[in-house]
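Asks: Sequence:
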Amino acid sequence: MAITLLSIAIVVAALVIRTAIAEIRRPGSGRRHWKFLTDPRALAAGALTALLLGLLARATAGPVAVAWAVLAGALVAYVAGADERDG
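Mind the numbering: the sequence shown is residues 0 to 86 in numbering that gives the first Met the number 0, read in order.
In short, the hints are calculated from the structure, not lab data. Don't take each hint at face value.
Using C-beta positions, here's what the derived DEER-type ranges look like [what the hints assert, rightly or not]:
#1 59 - 5: 20 to 30 Å
#2 24 - 61: 10 to 20 Å
#3 10 - 57: 18 to 28 Å
#4 8 - 61: 13 to 23 Å
#5 25 - 58: 40 to 50 Å
#6 4 - 47: 20 to 30 Å
#7 0 - 36: 23 to 33 Å
Every residue, glycine too, gets a C-beta built ideally from N, C-alpha and C.
Using the sequences and the accompanying hints, generate a full structural model.
Replies: Here is the structure:
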């Protein structure tokens, strides 16, 4: 279980570092990268994905896989909010 949580922490840290580098190159871009956190449509898509994958993962792979489902939901929310970032 500790290895799974460490792996997820590494993925999240990589995303934060990516945002920091983008912010250094173009000030203000970091706020645009994380704007999906205030978009209700993106959050709903991510929550639904996390819920469905979490239920499926818990039934098939056990409770450790639920953490990966939550990460997948966050990434879906990020992608769902991409139309506002690109526009």
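Asks: Per the hint of 18 to 28 Å, is the separation of the Cβ atoms of residue 10 and residue 57 within bounds?
Replies: Because 20 Å falls inside the window, the suggested range holds.
Asks: Should the hint that residue 0 and residue 36 are 23 to 33 Å apart at their CB atoms be regarded as holding?
Replies: Check passed, 27 Å falls within 23 to 33 Å.
Asks: Look at the Cβ atoms of residue 59 and residue 5 and judge whether their distance stays inside 20 to 30 Å.
Replies: With a Cβ separation near 22 Å, residue 59 and residue 5 satisfy 20 to 30 Å, so the hint holds.
Asks: Given the hint of 40 to 50 Å, is the C-beta distance from residue 25 to residue 58 inside that range or not?
Replies: holds, 43 Å
Asks: May I ask you to test the hint 10 to 20 Å on the CB atoms belonging to residue 24 and residue 61?
Replies: violated, 41 Å
Asks: Using the beta carbons of residue 4 and residue 47, state whether their distance is inside 20 to 30 Å or not.
Replies: Given about 23 Å between the Cβ atoms, the range holds.
Asks: If I claimed the Cβ atoms of residue 8 and residue 61 lie 13 to 23 Å apart, would that claim hold in this structure?
Replies: holds, 19 Å
Hint 2 alone, counting from the list given before, is not met by this structure.
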